[in-house]
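The lines below spell out each chain.
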Amino acid sequence: MKNTEQLLDLQAYVDGELSEERRRQIEATLPADLDAQELVAGLRQLGTLIRAHEPVATVPAAREFYWNQIRRQIEAEQPKAPAASAALGWLRWLIPAMGVAAVAVVVSTQQTPREITLAGGGDVTAVDVSSTVFRSESDGVTVHWIQ
Amino acid sequence: MPGSVKHDYPSEADDALVKWSQQGDTEAFEQLVFRHRDKIYARALMMMRNEDQALEYSQEAWVKAWQRLVQFQGESSFATWVTRIVINLCLDQLRRQKRVRTESIEAMDEESGGVERQLPAPETNPTAGLEQDELRRRIDEALGKLTDAHRTVVVLHEFEGLEYKEIAKRVGISIGTVMSRLFYARRRLAFLLQSLKRERSE
Chain A
209 MKNTEQLLDL QAYVDGELSE ERRRQIEATL PADLDAQELV AGLRQLGTLI RAHEPVATVP
269 AAREFYWNQI RRQIEAEQPK APAASAALGW LRWLIPAMGV AAVAVVVSTQ QTPREITLAG
329 GGDVTAVDVS STVFRSESDG VTVHWIQ
Chain B
4 MPGSVKHDYP SEADDALVKW SQQGDTEAFE QLVFRHRDKI YARALMMMRN EDQALEYSQE
64 AWVKAWQRLV QFQGESSFAT WVTRIVINLC LDQLRRQKRV RTESIEAMDE ESGGVERQLP
124 APETNPTAGL EQDELRRRID EALGKLTDAH RTVVVLHEFE GLEYKEIAKR VGISIGTVMS
184 RLFYARRRLA FLLQSLKRER SE
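Protein chains in written order, with our numbering: chain A, 209 to 355; chain B, 4 to 205.
If you're looking for bench data, these hints aren't it; they were derived computationally from the structure.
Wrong hints could be hidden among the right ones.
Part of the chain A face toward chain B, derived, beta carbon under 7 Å [claimed, not checked]:
#1 L216
#2 D217
#3 I258
#4 F273
#5 N276
Predicted, not measured: the structure shown is a model, and the values here were computed from it.
Heads up, the beta-carbon is just placed ideally off N, CA and C, and yes, glycines get one too.
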């Protein structure tokens with residue numbers, strides 16, 4: 209009969225937990241040790257058996273009920289949730305977007321005024337809502353009206 | 004961007020759902036919960052052997068998973084990552100209840116060398132002929148007959164694939180105790196499964 213240390217060594221051998229040197233020692237004595245062979249085979253089979261038949265279980269609650277309880281806790285502890293970092297993500301996009309928008313406004317105010325031909329033969333050029341240009345080709349007159 | 008694009012969540016892989024969840028998309032996270040909830044619950048039930056506690060800790064694990072999603076970098080599968088969270092919750096609870104570290108008479112006997120005197124070596128194919136579902140149920144029953152301390156090391160080693168050192172660290176015991184508990188638990192399982200075989204043949 210083997211002592212506890214020998215038994216635990218054989219188990220460690222099966223589990224791949226021995227040092228290389230100790231593993232070689234066990235493998236050298238194993239062919240002549242029938243008890244050890246039986247134990248090693250038994251441990252291996254038991255491991256294979258229980259791993260292949262891992263007990264399963266189903267949550268004893270409907271999907272909505274189970275999820276709603278989780279959702280409520282997530283919402284109650286919102287500051288810790290990734291939603292906070294999502295908000296920062298929005299800011300990352302928002303700041304450059306605001307910059308782009310500001311540049312667009314400046315560029316548009318410096319663009320060449322768009323001309324609108326009036327029924328009376330004159331043109332109205334709209335720069336923006338606060339400035340209007342009236343030009344009459346026949347009279348050779350241009351009027352700038354700034355609101 | 005979360006909320007602006009409607010995804011077909013059930014058909015998406017975990018990786019995509021995790022990415023959207025990390026951006027705050029709770030619908031993506033709900034799909035992950037729905038997909039893996041039974042596995043997480045089963046692990047909690049295996050550890051605690053109590054349906055109410057298993058339900059509570061599995062839900063708590065999902066809440067913690069949501070809170071720590073930014074830490075998930077994909078080193079393991081998402082399901083494995085959440086499983087580790089639920090195991091840690093169960094271990095904390097078992098420790099609080101002193102269910103994994105208490106030295107029982109059985110454990111003292113086991114650790115003083117009584118193991119090999121009491122129980123037979125695992126027999127070759129002790130459950131031959133049993134249907135798969137029946138075998139699964141019997142193994143679950145046998146696991147349920149182990150003490151919390153012994154079952155914990157079996158779960159961590161056989162189902163989670165943790166090494167002795169990692170089990171020792173998580174449970175808060177020495178590597179030697181992990182080895183002796185594992186050995187005792189295996190022999191007890193073998194004994195219980197052999198008993199089932201005897202029951203069937205009578």
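Hint check:
no. : hint : verdict
1   : L216 : holds, 5 Å
2   : D217 : violated, 9 Å
3   : I258 : holds, 5 Å
4   : F273 : violated, 10 Å
5   : N276 : violated, 10 Å
The structure fails hints 2, 4 and 5 (numbered hints given earlier, in ascending order).
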